[in-house]
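Colleague: The task is simple: from the sequences and hints, build the whole structure.
Protein chains in written order, with my numbering: chain A, 391 to 734; chain B, 28 to 878.
These aren't lab readings, by the way, just hints derived from the structure by calculation. From a predicted model like this one, the values you see are computed outputs, not experimental measurements. Every residue gets a Cβ at the ideal spot worked out from N, C-alpha and C, and that includes glycine. Incorrect hints may have been included.
Unchecked claim - EDC-like, lysine to aspartate or glutamate: derived pairs with alpha carbons at most 20 Å apart:
#1 Lys622/B / Glu593/A
#2 Lys862/B / Asp816/B
#3 Lys420/B / Asp547/A
Claimed, not checked - For each label pair, taking beta carbons as the anchor points, the in silico distance ranges come out as:
#4 Phe734/A / Ala803/B: 32 to 42 Å
#5 Ser599/A / Pro78/B: 32 to 42 Å
#6 Glu704/B / Gly481/A: 33 to 43 Å
#7 Leu392/A / Leu790/B: 48 to 58 Å
#8 Asn639/B / Gln502/A: 17 to 27 Å
As the list claims (entries may be wrong) - Chain A is nowhere near these chain B residues, computed Cβ spacing over 10 Å in every case:
#9 Leu107
#10 Glu160
#11 Glu168
#12 Val472
#13 Leu485
#14 Asp527
#15 Arg582
#16 Asn639
#17 Asn683
#18 Asp694
#19 Gln812
#20 Thr851
#21 Glu856
#22 Ala858
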Amino acid sequence: MLNQLESQYSESLAALENVTDSESLHAWEIKYLGKKGSVTLLLRSTGQLPAEERANFGKRANEVKNLLFEAYAAREKLVAEQELALDLEEGALDVTLPGRERPAGGLHPSTQTLRQYAEIWAEMGFQVYRSRDVETDEYNFQLLNFPPHHPARDMQDTFHTTEPNVILRTQTSPGQIRAMHELGENGTQPIRVILPGMVYRYEQITSRSEVQFNQVEGLAIGHNIRMSDLKGTVTEFAKRMYGDNVRLRFRASYFPFTEPGMEIDVECFLCGGEGCRVCKYAGWLEIAGSGMVHPNVLRNGGYDPTIWSGFAFGMGPERATMLKHGIRDIRYFWGNDLRFLEQF
Amino acid sequence: MQVPVSWLKDYVDIDIPIELLAERLTLAGLEVGSIHYIGVPQGHVEGIRWPTSNHLVWDREKLLLGAVREVKSHPNADKLVLAMVDYGGADLEQCVTGAPNLFEYKDKGALNPPLWAVFAAEGAEVWDGHSDEPKRMILKEKALRGIPNRSMVCSEKELGMSEDHEGIILLEEQPGLRPGMPIQDVLGDIILEVELTPNLARCYSIIGVAREVAALLDKPMCYPSYEFVAEGAPIAGQVQIDIREPDLNPRFTLSLIRDVTIKPSPQWLQRRLKLVGQRPINNIVDITNYITFEIGQPLHAFDYDKLAARAAGKMPTIITRLATAGETLETLDEVKRTLEPHNILVCDTAGVLSFGGLIGGAETEISPETKNVLLEGANWNFINIRRTMQSQKIQTDAGARFSRGVHPSQAILGVQRGIELMRQTSGGIIAKGMIDTYPKQQPTVKVDLAISEIERLLGMGFTADEAAKFLRRLEFDVKAEGETLHVTTPDYRLDITGDDPVTGQADLIEEIARIYGYDNIPDTIIADAMPPQWANIPLEREERTRDILVAIGLRETISYRLTSPEREALLIPSGMEAPKNGGYVELANPISADKTAMRHTLLISMLENAFNNQRYNARQQIFEIGNVYFKREGQLLPDEPRRLGILMTGPRRTSNWLKDDAGGNVDFYDLKGVVEELLVGLHLSDVSYARASHPSFHPGRSAQLSVGKTEIGTLGELHPIVARTFDLTAAPILVAELDLDALLDLVQDRHEVKPLPITPPVLQDIAIVVNEETPAAAVEAVIVQAGGDLLKGVSLFDVYRGDPIPTGQKSLAYNLVYQTDERTLKDEEVARVHKRIVKAVERELGAKLRA
Numbered sequence: 391m392l393n394q395l396e397s398q399y400s401e402s403l404a405a406l407e408n409v410t411d412s413e414s415l416h417a418w419e420i421k422y423l424g425k426k427g428s429v430t431l432l433l434r435s436t437g438q439l440p441a442e443e444r445a446n447f448g449k450r451a452n453e454v455k456n457l458l459f460e461a462y463a464a465r466e467k468l469v470a471e472q473e474l475a476l477d478l479e480e481g482a483l484d485v486t487l488p489g490r491e492r493p494a495g496g497l498h499p500s501t502q503t504l505r506q507y508a509e510i511w512a513e514m515g516f517q518v519y520r521s522r523d524v525e526t527d528e529y530n531f532q533l534l535n536f537p538p539h540h541p542a543r544d545m546q547d548t549f550h551t552t553e554p555n556v557i558l559r560t561q562t563s564p565g566q567i568r569a570m571h572e573l574g575e576n577g578t579q580p581i582r583v584i585l586p587g588m589v590y591r592y593e594q595i596t597s598r599s600e601v602q603f604n605q606v607e608g609l610a611i612g613h614n615i616r617m618s619d620l621k622g623t624v625t626e627f628a629k630r631m632y633g634d635n636v637r638l639r640f641r642a643s644y645f646p647f648t649e650p651g652m653e654i655d656v657e658c659f660l661c662g663g664e665g666c667r668v669c670k671y672a673g674w675l676e677i678a679g680s681g682m683v684h685p686n687v688l689r690n691g692g693y694d695p696t697i698w699s700g701f702a703f704g705m706g707p708e709r710a711t712m713l714k715h716g717i718r719d720i721r722y723f724w725g726n727d728l729r730f731l732e733q734f
Numbered sequence: 028m029q030v031p032v033s034w035l036k037d038y039v040d041i042d043i044p045i046e047l048l049a050e051r052l053t054l055a056g057l058e059v060g061s062i063h064y065i066g067v068p069q070g071h072v073e074g075i076r077w078p079t080s081n082h083l084v085w086d087r088e089k090l091l092l093g094a095v096r097e098v099k100s101h102p103n104a105d106k107l108v109l110a111m112v113d114y115g116g117a118d119l120e121q122c123v124t125g126a127p128n129l130f131e132y133k134d135k136g137a138l139n140p141p142l143w144a145v146f147a148a149e150g151a152e153v154w155d156g157h158s159d160e161p162k163r164m165i166l167k168e169k170a171l172r173g174i175p176n177r178s179m180v181c182s183e184k185e186l187g188m189s190e191d192h193e194g195i196i197l198l199e200e201q202p203g204l205r206p207g208m209p210i211q212d213v214l215g216d217i218i219l220e221v222e223l224t225p226n227l228a229r230c231y232s233i234i235g236v237a238r239e240v241a242a243l244l245d246k247p248m249c250y251p252s253y254e255f256v257a258e259g260a261p262i263a264g265q266v267q268i269d270i271r272e273p274d275l276n277p278r279f280t281l282s283l284i285r286d287v288t289i290k291p292s293p294q295w296l297q298r299r300l301k302l303v304g305q306r307p308i309n310n311i312v313d314i315t316n317y318i319t320f321e322i323g324q325p326l327h328a329f330d331y332d333k334l335a336a337r338a339a340g341k342m343p344t345i346i347t348r349l350a351t352a353g354e355t356l357e358t359l360d361e362v363k364r365t366l367e368p369h370n371i372l373v374c375d376t377a378g379v380l381s382f383g384g385l386i387g388g389a390e391t392e393i394s395p396e397t398k399n400v401l402l403e404g405a406n407w408n409f410i411n412i413r414r415t416m417q418s419q420k421i422q423t424d425a426g427a428r429f430s431r432g433v434h435p436s437q438a439i440l441g442v443q444r445g446i447e448l449m450r451q452t453s454g455g456i457i458a459k460g461m462i463d464t465y466p467k468q469q470p471t472v473k474v475d476l477a478i479s480e481i482e483r484l485l486g487m488g489f490t491a492d493e494a495a496k497f498l499r500r501l502e503f504d505v506k507a508e509g510e511t512l513h514v515t516t517p518d519y520r521l522d523i524t525g526d527d528p529v530t531g532q533a534d535l536i537e538e539i540a541r542i543y544g545y546d547n548i549p550d551t552i553i554a555d556a557m558p559p560q561w562a563n564i565p566l567e568r569e570e571r572t573r574d575i576l577v578a579i580g581l582r583e584t585i586s587y588r589l590t591s592p593e594r595e596a597l598l599i600p601s602g603m604e605a606p607k608n609g610g611y612v613e614l615a616n617p618i619s620a621d622k623t624a625m626r627h628t629l630l631i632s633m634l635e636n637a638f639n640n641q642r643y644n645a646r647q648q649i650f651e652i653g654n655v656y657f658k659r660e661g662q663l664l665p666d667e668p669r670r671l672g673i674l675m676t677g678p679r680r681t682s683n684w685l686k687d688d689a690g691g692n693v694d695f696y697d698l699k700g701v702v703e704e705l706l707v708g709l710h711l712s713d714v715s716y717a718r719a720s721h722p723s724f725h726p727g728r729s730a731q732l733s734v735g736k737t738e739i740g741t742l743g744e745l746h747p748i749v750a751r752t753f754d755l756t757a758a759p760i761l762v763a764e765l766d767l768d769a770l771l772d773l774v775q776d777r778h779e780v781k782p783l784p785i786t787p788p789v790l791q792d793i794a795i796v797v798n799e800e801t802p803a804a805a806v807e808a809v810i811v812q813a814g815g816d817l818l819k820g821v822s823l824f825d826v827y828r829g830d831p832i833p834t835g836q837k838s839l840a841y842n843l844v845y846q847t848d849e850r851t852l853k854d855e856e857v858a859r860v861h862k863r864i865v866k867a868v869e870r871e872l873g874a875k876l877r878a
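Modeller: So this is what it looks like as structure tokens:
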């Protein structure tokens, strides 16, 4: 038995020397040290030996077992190292081959810009108020201080419907009146809202003009709302939108529903005001029409203009998106070409 | 409007660079869109940017005023002459030229006075007069038919002033001309292109802009003279005026000049008209145009003798009235027009003469034979003029001004200035007096401005003194009384409100702010209390819907909301009935045949997007959230419900070079998976699907979605007929249109989160054979019912048809999860429930357990 043990011992050690991978190592383990392995069986047969041989054999058998486990462990470590080295060396991929595509979803660029606007304005207490697309002439024009046939109406070519005095809104401003009526509680409550939405213009569809586009109108009404607040508030917005170093320019302008009226330009963020194609070499980009709410509009909204005042502004998210990304054709927005949308 | 700086300087001293002036005007609301330079260099002002101009700058050393002292014939050429030019140098320079307008002076000896021309010395840069394309050239010495030549006399084209190359520029004698002056100082100019908003009607003239310049620069205005020399027989008795509609024609003024000579206008006048884009015609017509541009008061000149002839021996009577039915008028643009009842007309006793304030009639216009001219300066209601311009499609310089509003005070000024200029240029004699009928006096506008109001509106205070100064610069008459300014508006302005104190004050505050400069007003943060804030639940839920769909991998589209009922009718296969919805909001003035009405459905948008994309993208997975529009009986404005549209088509997954990602085209269950995922994301339960009956969908592969008892919409495969109609046949089109308002109304503000189980689950599978027509939902419902509390999960993992399952039947295999938090389940408990389930499906569905 002892001889048998010794021969198994040397045989197994020799066999272990030839083991080079984890698969044959596992086979070796089963053959010699497994439940039915030859060494295990020898060890288990200790009890069949005569008593005087038992102690001696048992001692040696345990020694052999322990030695083999040690040798196995050493070999296992070696094999693992070799295999790792092999994998690191030979398992290299062509990393320049393309990965498996995971087509992502995405928001339309207009939605992305609208969300950005809403987020910035929300931080300044302006909440989103939405109103309808199909409007009456009264809300879109008359209550906003555009009398019938007034020349200011020429500034906005209008889609009329077959229903008299019903039009597609040309601006989000009718929402000003609706917000005042709904939130103002008969001219007793201050208001701070933005009014995003689609507006419609009777125009030819070209790379520069569209029949529909989004506007984001802002409205603040209070007992102490001043033009300096309008300037400061829009400046805060512009800093968030275009960076801390942004420069703004405020120009006198005209909108029937404001008095005074003001146009706001931002220094071209592409050329830093040096002049480029985007700003048409002027260094400035128009970002908003604005002004103090006209007394007639306050009245039409239910407010007494001698004790209430307000400011309003209107911005064009598509235009802002075009400027930001160098988009040259506004028709991309509603064309929904996936090759365009996938770039956002 | 084009504003030549040389003309502007007649009325106001400008001592700052024009680029700076343009910026100041822009900031004050007169937006200068562009600056055109004629010969003079572009100025550069620190901090102000204008696009770089690439015009020809006239060399101050080499492009000079030349005096042609003699024109000699060329010894070798009939078509060339030798101009002997005094350019201020020691000797006369001989220029060989073919200019036809010098030929009449050929061999006439010394010219005294000389002909004033533009002399270009050797080395000067000019435009090539013989090139069809704009091309610059440098003058070099070159013999012309044997005579050496190194300089030239220039045409307008060679200076870049116009395309005219018919002859050289010959300037009329005028004081101050001397040979050798840089031509920049004689003909150089800058044109400002000013864009005027409707409130700036008063600025629609050179004087109007000059007033703004004077106010901005704090300079005095220098007005032209309105005096006129009248030496003829009094006008009274020679013509009379009858205004029938004073509201539409508040004022009408006439002056008469006799014995005029119709001829070309003097050069200075022609040049100014050309600078503002007008074509000179003759001295009389040119002056009516000149006054239109100078002071903004359009004038009209009649041939008096033609009026007299029409009056047939009686005194001509000018009648202004509305058109009557059936009247026609041939206007100066040679269009015969049928008049409408709202058109205000200038007529006489014989009929219609002209459109008031817009365009004259052909019959009484000035002709080369005209001897006596009746000059009209009138005032018209701007709203009415605008209506007529729109309905008659008339665009004239007069109409541009009257439709924006001209103050009646300007009518008489225009006539006074115009008639005197006519006298000076035509040699006629002005009749004494004028006929001035002014039945509708424009009230003088007075506003009391409380100084405190300025700070209330601007956020910045001014003293009464400061505010008064700004207003006076704009020619307001201001009297200060304590903290109130009593302000009288100058008589050319119509934009200051007199009958509403709040608005009038706001109007004046805007004027103060404009002159002070908006940029100089401080920036402040709103100090007012924040209004009450509220939760905008529909918007929040809509945005959440977008986020879920994007996370699933869908792209958002936004489409035109305009379509046509004809396009939408294509969604319904013929013979089928469209869903009853309501009427269309139809446009009265559509822009194109495919955009005549507001859409009823997102399907039209989705299918058009799919069609437009299919050439480049076989795989499309898109969604859109947007309104649809239904006109309702008895409702002025339509309903505008929000919808959610989803479209999927093409390969389920994108292909790759590893070839391990195939999966075929998307089908009903892909779309349903998206809808289910959305509903899970919105935490909606009690969802059910039934066969749909929407005509646009495949009847067997579409479902009606309900949440609770609320119908939400339809999802499924597009009807093959509709797919063919829209040319979408490459792969099945899966679409959904859901009522987003209804869906989001069902969303709960909060949902409970289940605790994580603390005992191990027992998993068992069950396969049930049922008849083909038994819906899976029914099987699942029975399982859930029978499973009771212990059954925590049921999920279908296999549907099998075929051997050994009998034809007409199918096997549905489910994973079942049994679990309770109270204890670890024993096998016998599970077996009991499992058996109950088997019994229930057998009993209720006639099903069998699959062996």
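Colleague: Run the structure past the numbered hints and jot down the numbers of the failing ones, going up.
Modeller: 5, 13, 14, 15, 16, 17
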